[in-house]
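Chemist: Here is how the chains run, residue by residue.
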Amino acid sequence: DTAVSQTPKYLVTQMGNDKSIKCEQNLGHDTMYWYKQDSKKFLKIMFSYNNKELIINETVPNRFSPKSPDKAHLNLHINSLELGDSAVYFCASSHRDTNTGELFFGEGSRLTVL
Amino acid sequence: AQRVTQPEKLLSVFKGAPVELKCNYSYSGSPELFWYVQYSRQRLQLLLRHISRESIKGFTADLNKGETSFHLKKPFAQEEDSAMYYCALSTTSGSRLTFGEGTQLTVNP
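First to last, the protein sequences are chains P and L.
88 is the number that my numbering gives to position 87 of the first sequence; each next residue is one higher, with no gaps.
118 is the number that my numbering gives to position 90 of the second sequence; each next residue is one higher, with no gaps.
With the rest of the complex left out, here is chain P:
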């Protein structure tokens, strides 16, 4: 049973295109996240949603728009893709009330912009 699943795992696209990455968790968590891992393996939070409500929105270009249709899903849509968007995007989830700090990660979606 996959706890946090992301699709697609790999995405190669041209500059200027619009693409989406989907994330689903079946852990019953109420909080979901998007992290970006750059070429130097640096992990940086982008967004966090709690019960479909945006609670963390880091300084991310507004070309990135997260959408949470329900608390089990958090999708990431990227408009007008740029070369610098190439990275691995990780979805994660946690239960906010317990606040143990343990995040459960997906396997990542490697985006390559040509």
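Among the clues, some could well be false.
Unchecked claim - Facing chain L, a subset of chain P residues (Cβ under 10 Å, in silico): (1) V5; (2) Q38; (3) K42; (4) L44; (5) I56; (6) A93; (7) E103; (8) F106; (9) G107.
If you're looking for bench data, these hints aren't it; they were derived computationally from the structure.
Positions of the beta carbon are idealized from the N, C-alpha and C atoms, including for glycine.
Place chain L on chain P using the hints.
Modeler: Structure of chain L alone, referenced to chain P:
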């Protein structure tokens, strides 16, 4: 704002040697510290957290508030320990987790 620093991007040791991955943090409140690990072709996962004071896969980490450090240690490294290790900090005010830059550990045979 909180910050986590891992000064070594790459660390290479031989099997059986002790290993220490350094982590320093800055945060004015009471932080919770964690180590996450990413093995090759696997997802990032929690290794240990300071409040548990546990040893996982032979690894331990002690929170030193005076030095604002949370170094990860193992007395005898194994080849299967080769992975990317991230130190992370969570504040008491919420569920935001701030990661360090990561240290790629390679254990040579």
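Chemist: List in ascending order the numbers of the hints, as given earlier, that are violated by the structure.
Modeler: Result: no hint breaks.
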